[in-house]
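In order, the protein sequences belong to chains A and B. Residues in the first sequence are numbered consecutively from 1, following our numbering. Residues in the second sequence are numbered consecutively from 163, following our numbering.
The set of hints was computed from the structure by calculation and includes no laboratory data. On a predicted model such as this, the values are computed, not experimentally measured, just so you know. Among these hints, one or two may not hold up.
Unchecked claim - What the simulated footprint calls covered on chain B by chain A, stretch by stretch (three residues with Cβ under 8 Å from a Cβ of chain A suffice, anywhere in the stretch; the number is not a length):
| id | stretch |
| --- | --- |
| 1 | 187-196 |
| 2 | 356-363 |
| 3 | 655-662 |
| 4 | 821-832 |
| 5 | 850-864 |
| 6 | 899-905 |
Every residue gets a Cβ at the ideal spot worked out from N, C-alpha and C, and that includes glycine.
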Amino acid sequence: MKDLRTIHVLINGMSYQRTIETRMTLADFIRHECGLTGTHVGCEHGVCGACTIHLNGEAVRSCIMFAVQADGAEVTTVEGLASPDGKYHPIQQAFKNNNGLQCGFCTPGMLMTCSAFLREYSNPSEREVREVISGNICRCTGYQGIVNATLEAAAAIRKGGL
Amino acid sequence: MGARNVGAAVQRLEDDRLLRGQGRYVDDIHVHGELAVAFVRSSEAHARIISVDTSAAVALQGVIGVFTLADLGGLTLKPMILANPSPLIRHPITQHVLAQDEVCYVGQTIAVVVAENRYVAEDAAQLVQVEYEVLPAVVDARQARDPLSPPVHQKFSDNLAAKVSWKFGDVDGVFSKAPYVFRESYFQHRGVPHSMECRGALAQYDQQADQITLWTSTQSPFLVRRFIAQFLERDESSIRVVAPDVGGGFGPKAAHYPEELLLVVLALKLKRPVKWTEDRLEHFLATTQQRDQWWDVEVACEADGKVLGIRGLCVHDNGAFLPYGLLLCMTTVVPFPGSYAIGSIDITLDCMFTNAVPTTPIRGAGRPNATFIIERSMDSVARNLGLDRTTVRRRNYVQKHQFPYPTGAKLPNGIAVQYDSGDYEKCLEMVLEACDYTNFETRRAEAARHGKWRGLGVVSYNEDCGLPPYEGATVKVLPSGKLCVELGSCAQGQGLETIAAQIAADQFGLTVNDVVVKLGDTNSPALALSTVGSRVAATAGPSIHLAALQVREKALKVAASQFEVSEKDLYIDAGIVFVKGLPDRNVSLGELSKRLHASVGVLLPMGFTPGLEATAYHTPERAVYSNGSNAVELEVDIETGEVRLMNYWVAHDCGTVLNPALVDGQVIGGVVHGIGNALFEHMKYDQSTGQPVTTNLGEYLMPLATEMPKISVDHMESPSPVNVLGVKGAGEGGTIPAIACIISGIEDALKPLGVVIKEFPLSPERLLELIDEARTATAA
Numbered sequence: 001m002k003d004l005r006t007i008h009v010l011i012n013g014m015s016y017q018r019t020i021e022t023r024m025t026l027a028d029f030i031r032h033e034c035g036l037t038g039t040h041v042g043c044e045h046g047v048c049g050a051c052t053i054h055l056n057g058e059a060v061r062s063c064i065m066f067a068v069q070a071d072g073a074e075v076t077t078v079e080g081l082a083s084p085d086g087k088y089h090p091i092q093q094a095f096k097n098n099n100g101l102q103c104g105f106c107t108p109g110m111l112m113t114c115s116a117f118l119r120e121y122s123n124p125s126e127r128e129v130r131e132v133i134s135g136n137i138c139r140c141t142g143y144q145g146i147v148n149a150t151l152e153a154a155a156a157i158r159k160g161g162l
Numbered sequence: 163m164g165a166r167n168v169g170a171a172v173q174r175l176e177d178d179r180l181l182r183g184q185g186r187y188v189d190d191i192h193v194h195g196e197l198a199v200a201f202v203r204s205s206e207a208h209a210r211i212i213s214v215d216t217s218a219a220v221a222l223q224g225v226i227g228v229f230t231l232a233d234l235g236g237l238t239l240k241p242m243i244l245a246n247p248s249p250l251i252r253h254p255i256t257q258h259v260l261a262q263d264e265v266c267y268v269g270q271t272i273a274v275v276v277a278e279n280r281y282v283a284e285d286a287a288q289l290v291q292v293e294y295e296v297l298p299a300v301v302d303a304r305q306a307r308d309p310l311s312p313p314v315h316q317k318f319s320d321n322l323a324a325k326v327s328w329k330f331g332d333v334d335g336v337f338s339k340a341p342y343v344f345r346e347s348y349f350q351h352r353g354v355p356h357s358m359e360c361r362g363a364l365a366q367y368d369q370q371a372d373q374i375t376l377w378t379s380t381q382s383p384f385l386v387r388r389f390i391a392q393f394l395e396r397d398e399s400s401i402r403v404v405a406p407d408v409g410g411g412f413g414p415k416a417a418h419y420p421e422e423l424l425l426v427v428l429a430l431k432l433k434r435p436v437k438w439t440e441d442r443l444e445h446f447l448a449t450t451q452q453r454d455q456w457w458d459v460e461v462a463c464e465a466d467g468k469v470l471g472i473r474g475l476c477v478h479d480n481g482a483f484l485p486y487g488l489l490l491c492m493t494t495v496v497p498f499p500g501s502y503a504i505g506s507i508d509i510t511l512d513c514m515f516t517n518a519v520p521t522t523p524i525r526g527a528g529r530p531n532a533t534f535i536i537e538r539s540m541d542s543v544a545r546n547l548g549l550d551r552t553t554v555r556r557r558n559y560v561q562k563h564q565f566p567y568p569t570g571a572k573l574p575n576g577i578a579v580q581y582d583s584g585d586y587e588k589c590l591e592m593v594l595e596a597c598d599y600t601n602f603e604t605r606r607a608e609a610a611r612h613g614k615w616r617g618l619g620v621v622s623y624n625e626d627c628g629l630p631p632y633e634g635a636t637v638k639v640l641p642s643g644k645l646c647v648e649l650g651s652c653a654q655g656q657g658l659e660t661i662a663a664q665i666a667a668d669q670f671g672l673t674v675n676d677v678v679v680k681l682g683d684t685n686s687p688a689l690a691l692s693t694v695g696s697r698v699a700a701t702a703g704p705s706i707h708l709a710a711l712q713v714r715e716k717a718l719k720v721a722a723s724q725f726e727v728s729e730k731d732l733y734i735d736a737g738i739v740f741v742k743g744l745p746d747r748n749v750s751l752g753e754l755s756k757r758l759h760a761s762v763g764v765l766l767p768m769g770f771t772p773g774l775e776a777t778a779y780h781t782p783e784r785a786v787y788s789n790g791s792n793a794v795e796l797e798v799d800i801e802t803g804e805v806r807l808m809n810y811w812v813a814h815d816c817g818t819v820l821n822p823a824l825v826d827g828q829v830i831g832g833v834v835h836g837i838g839n840a841l842f843e844h845m846k847y848d849q850s851t852g853q854p855v856t857t858n859l860g861e862y863l864m865p866l867a868t869e870m871p872k873i874s875v876d877h878m879e880s881p882s883p884v885n886v887l888g889v890k891g892a893g894e895g896g897t898i899p900a901i902a903c904i905i906s907g908i909e910d911a912l913k914p915l916g917v918v919i920k921e922f923p924l925s926p927e928r929l930l931e932l933i934d935e936a937r938t939a940t941a942a
């Protein structure tokens, strides 16, 4: 028998109520139930970081959480990173300026990891940036553009705020 | 004229959608009524299938069907099409879309489940009972070569898939007379591709139109269509293959796979759309890899380090089937003699079947392997003769004045190998200056005072890229005035949309934002083959240029007839054709396009054919040759075996640089892939059972940001005479030399201990063993 539960999650400021199987991962819920396909699934075992989202403000891996665990939570995905008028978050602009992406598949997870980090650490060293993205795998860029982008975004945030 | 786009670090057209989470990868595409697919895969490396019981799976609620090969029947009962057939292949064996009666690697498809959703499909796959008679498995290529080895396939008495030879010059003469001959044995291993997006496909069949559409995460939509058409005996016109956004390729997505074919078969059978998204475990088990090579190499040289000849044998682990012919093997032998004017080469490669997932090229294909052998040989000559590594390389480079340089080798198609252009020594000079080679010994000594073992690696490489015969391009001026470039070629992150727009925009004084680029669809009017082998910039690039020139010429002709002037009196800026000196007399490209589209009863401009568009093909006969030199500075901790990479420098020559920011991205990403191969990535199999034992990203180590050094790239431009843009390839030139460079640096750091390194990947444990062995040998 299917074990069903009705949950309610606020994603990017929009309310989503769905009745789902309890075994559904949060990543699948976001992607397939809510149609927000910007969150990517790269390994389904919590290593690659492509599925990283913000859950109540913290960067977490949505592939190793069940959707029911997010019942009542506030979630931000990559689609909610830019402001409502479409203006990039500084980390998005910095990724564009620094060629921080190629195929784009790891990008949403990278952006969510880095944006959560920059909220707490606005003046990181290069080493700290490398540490914080060491849980996100990118096969394309060699990370250098991502590191440069995160440092540039930090500088932009220090200068102008979010 | 507007700003020139080619050569500028233009920002990418691709980025906006990808940064906003609006990319469209296969798994993001949904069609109404789609069903989910999961596969039952072999749990044994080699076995006879006694029975497959699908009854429990079929009975599960939500399951639409469970199929074995016998259930599908008909056209599926034959093996898959062999890509790139060759007379050298002794056993041209491809797999069936589902195993028939024998499985030859863990992960081989045995049955397929279709269900309402993926969760149910996976549940059902677990319920399928496969009874095996387990057969002996062999996963070590050397063991497979032993006449007493168990067969990888029961129907063959030996495991030699093919013997490949690459021979030219007076090899015997050179080796019999050379004052020095040095012999070494090497082991090389490259692993799993690991694009961050795994494979995946969605197949839809429109019964009324008798049309199949396959969205697939591929590097080769046109080839996938060709193989589906051949396999299913259908017209190519009834099949459309689309590569949407693809989350990395790195080679293995250029092959065609049983899963893609099966989805089409199921869509036809069930008349419902079906989707399969590979998970990471399946990527380890069923996506093609590159694995082991065992080499015995001899180098003949003079006392001054001039290399006269290289000969050797490579035993190559091919895996269980030959989906891709011998391309990986060929790219292992064809690069010889690399950057060097070595007149005598004799390399034999024994391509061995093993009970492991098949191999096909990964970023660089066999070239990193060949470069490792060539560069290790250069270091061996330097070490044995007591010469500086850079001196040995300088004595052997193909010199600038020798281009075009015929190596003496001939490709299987009869075309002589000829390096087109370059200045190999200059690239070495650039990298030596960048890494401050002159003062390295001071830095080594300083580090040694702090108990650190510092080393410097220096290597060179060249690479055949832009392989013939074509990637076509269509350039159109739409009636809206927008410029549109349509390519059949597809991209996996390289920035092809951007460079296509740059090349086309330059002919019309436009910016890249005025250009719409469409990629990766067999509905494109321009034919294409495959985004592999650092070839698309050097094949599609010139095609785009040629098509844009034709469109420009037609626009000028139409405008000239309108203004009753000569074409020479016209110029184009910002998409508008002006009469020189009379700026009021002008017409936009959009207006010209509208006139050339005309309407019923409205005549076309006199003497012109409809439309303002052209399709063009650059059809080279030869490859172009990128080259470069790399250096790395690193420290080895001889207590833990840890290698700390401090700085990495690249001097890179890919001819005309279309977009320096994009080339930097390709090179830096490529270097990191090579670093992964050198130090981290190892796809391990249990030798007795053939079971893969590194099947998640915790056990199989990918390069991470924390271990990567700062990588600096300098460009040198030796335009290729082979194409009108002078462009060469950049996709693999980072990876190809990087492994040899890292290993060279580690060996250099441990030089005082007498450690010689003849293998990769080099784990800390293995490095400690080598250090211990060297110390024991010294003590003895």
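Would you pick out the hints that fail for this structure and give their numbers low to high? When the structure is compared with the hints, only number 6 turns out to be violated.
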